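Colleague: Single-letter residue listing:
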Amino acid sequence: MKTTPLEKEYQFLTRTISSLTDQVDLFETFQDLSLKIISQFDLENILDIFCRIIRELMDYQSAVICQFHEDSKEFQKIHQSGTAPKDTGNHFPEQTIINWVMDQGRWTIITDFQDKQAQSIVSILPIKSPKQPIGFMVITTEFNPSIYNQKLSSILNFLASQTAIAIENQSLYAKLNNSNAYMTDMLESINNGIMATDMKGIVTLINRNATAILGIKTKHLAGKPYGAFLEGELKQKIDKLFSMILDKGFAPESMVNHSPYKEVDIMIGINASFLTDKNKKTIGIIFIFRDMSASKEIERLTKLDEMKSEFVSNVSHELRTPLSIIKSYSEALLTQVKPDDHATREQFLSVIDNETDRLATIVSNLLDLSRIESGKLVFDYSPVSLKDIIRSVVSVFKTKSSNIDILMDFQEGLPLIEADEGKIREVLVNLISNSIKFSPMGGTISITLEQQENFLSCEVSDTGIGIPKNKIHRIFDKFFRVDSSDTHEIEGTGLGLSIVKHIIDSHNGKITVDSILGKGTVVTFYLPLTRS
Amino acid sequence: MKYKKTILIIDDMKQIRDILWFSFKQEGYKPILAENGQKGIEYLFDRENAIDLVILDVMMPKMDGFEVLEKIRTSNDPVSKTPIIMLTAKAQKEDVIKGLSKGASDYVLKPYKFADLLAKVQALIG
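If you read the protein sequences in the order shown, they are chains A and B. Residue numbers for the first sequence follow numbering that gives the first Met the number 0, beginning at 0 and rising by one. Residue numbers for the second sequence follow numbering that gives the first Met the number 0, beginning at 0 and rising by one.
By construction, these hints were calculated from the structure, which means they are not laboratory data. Treat the hints with care, since some could be wrong.
[To be verified] Here are some, though not all, of the chain A residues that point toward chain B, as calculated from beta-carbon distances under 10 Å:
#1 Thr320
#2 Leu322
#3 Ile324
#4 Tyr328
#5 Gln346
#6 Phe347
#7 Glu354
This structure is a prediction, so every number in the text was calculated from the model and none was measured. Virtual Cβ for every residue (Gly too), placed ideally from N, Cα, C.
Just chain B, same shape as in the assembly:
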């Protein structure tokens, strides 16, 4: 059986998680869902999951996407190098720059086109 690449999706909106799960599954990926930043970090650092890429929402309660990004990138664990795509409804340029400067691999603005998101995922992990 072909090895499926694992994508961790961190978003507080259930509908978004559900549709991303559906769409990535359709494209042959293995999606894992986390409804907040804390859980997302836990899943990522759990080697069992062997996550290949993270799709991270910015506007989330308690811990926002920038904070999650920083926690991941500043750790010493090898998973800190995992590619991360920021998914944000914030159209402001500063947010995009902030995300990239904190080490995001790429970003996609909401409302997104799944084809764009998929292309960026494929560019990063094939």
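Bound-form chain A, shown alone:
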């Protein structure tokens, strides 16, 4: 039969249209499948859908998906669907074949169709993204060569590349999630408070420490302007920093006193700086809140350490001085003083005796001080009459020192106070003996006692040599002795007033010193009537 040119053209067009229709169908199929796979973010789901689509296409007996390790060429089975028939179970392709197929980069049947023995057909489908090989799928179907055609090959290769992209996306997404969790952990573990806002002051991020330091009780802060949950001086400081940053691009650290909770008053240091994106465009502001009490504490401990070293060096000096006196006098007694020079012997022995007493006093004062400071000194409180204690202490001094007048002036009807009688006695002995010591030319000591609201105030004033103005603040320091060649002739350990202050402090009392050089000194202590 002959065909006319018109018929020929008609047939050509029909074939072309049919082929085009097929291709459109194919593209639609591709688009559907691609969407199904790409829209997944979970690896298991991706692999599952991938297998299901392939099963629909070729009804495999088994499909095994293997993934390459990122660096090495080694692979690992990560997904399996169906089971291969027993006789082909061992026919997992050899590494060299896999490598060859990966290099080809497209679906490849590795079973020989001519093999009369073959029960099934095994093929390898490489899973490669444009960047890197991700893995491959080993598909086993029944021995039915007719289903293997060009169209199936196109679809499988396309599916594999889509799956590769989906897996790659998924791994990036997982990494992003990880690094997000990592960032969050880091933010939360930082000891400082951190708050980030956008350029309008809307909070984009805030860590738990920030809410703790600032004492914010509002929940879900992200998305709210910071002004919605901060107030007062704190808000003003942040407002100021905010506008300063916008204005000048930087702001110095700023301090604010803040009481987030009742009876808690902390100093907060606030730093602010720009947040920028990768193009260096400013996208927000980050505020760092620092609780300054820790720095204060370190400062305090450092100072304490210095004081301790100074104390040790002082103690060693204070102990060495009487020791060297004792040593040199006894040495002279042994080697230089003539046996019959009784006057010198007696004089030297009395110096040794005095210095030994001084050593004993220093050591016992040191022990007292250390007990008080470590809280080991036990106070025995009972109602006592301060007036009676003063009278009894004064009577002892009156018999000892003849060139000093001690006057007492007590208010009528004073109440008893809750105190440790022995310790208060020590306070008075210390104060009065100081007054006597520093009145070398004699003079008058006046002791007055009166009630001031819930306290008794006791004033011990003398007409002695006084204390220079710039030394008064150090008068309670351990081993501090007023630095003057005249006063150094007066004996003392430099510990008495430290102990006095500790005793008064332990009673929740207060002690003050006032003095005029050359005129005299007034020491006043206040003791509460009751301990509470």
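Based on the hints, put chain B in the right spot on chain A.
Modeller: Relative to chain A, chain B alone:
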């Protein structure tokens, strides 16, 4: 009569001054006492005293021994060359080095052994 060498003793502690006075006198020296650095410098620069050696305490109020030492050594007067032995209760090595670097002739630590001090004095002035 044999010429007695003069030793100036500068120390703020009376007991130390007294015993040094006694002990050096026993050994045939002529001790002069000063209770602070200022007075010590005055005595030293007063030619009448003709001081052969100075025993100088370090820990003293107002002007410490290092300051006294520096004042003596940096002056142009011939007495600035007088041998000086530092007497110190400060056991710290830095103080010893500080003293020697400022020109002290020797040092003795408190509590001292008089025999040691005497030996050092004799080594310097006989």
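Colleague: Taking the hints in turn, state whether each one holds.
Modeller: So, going through the hints one by one against the coordinates:
1. Thr320: The hint holds - Thr320 of chain A has a Cβ within 10 Å of chain B, the shortest such distance being about 6 Å.
2. Leu322: 5 Å, holds
3. Ile324: 5 Å, holds
4. Tyr328: 6 Å, holds
5. Gln346: 9 Å, holds
6. Phe347: Nearest chain B Cβ about 8 Å off; hint holds.
7. Glu354: 7 Å, holds
Checked against the numbered hints given earlier, this structure breaks none of them.
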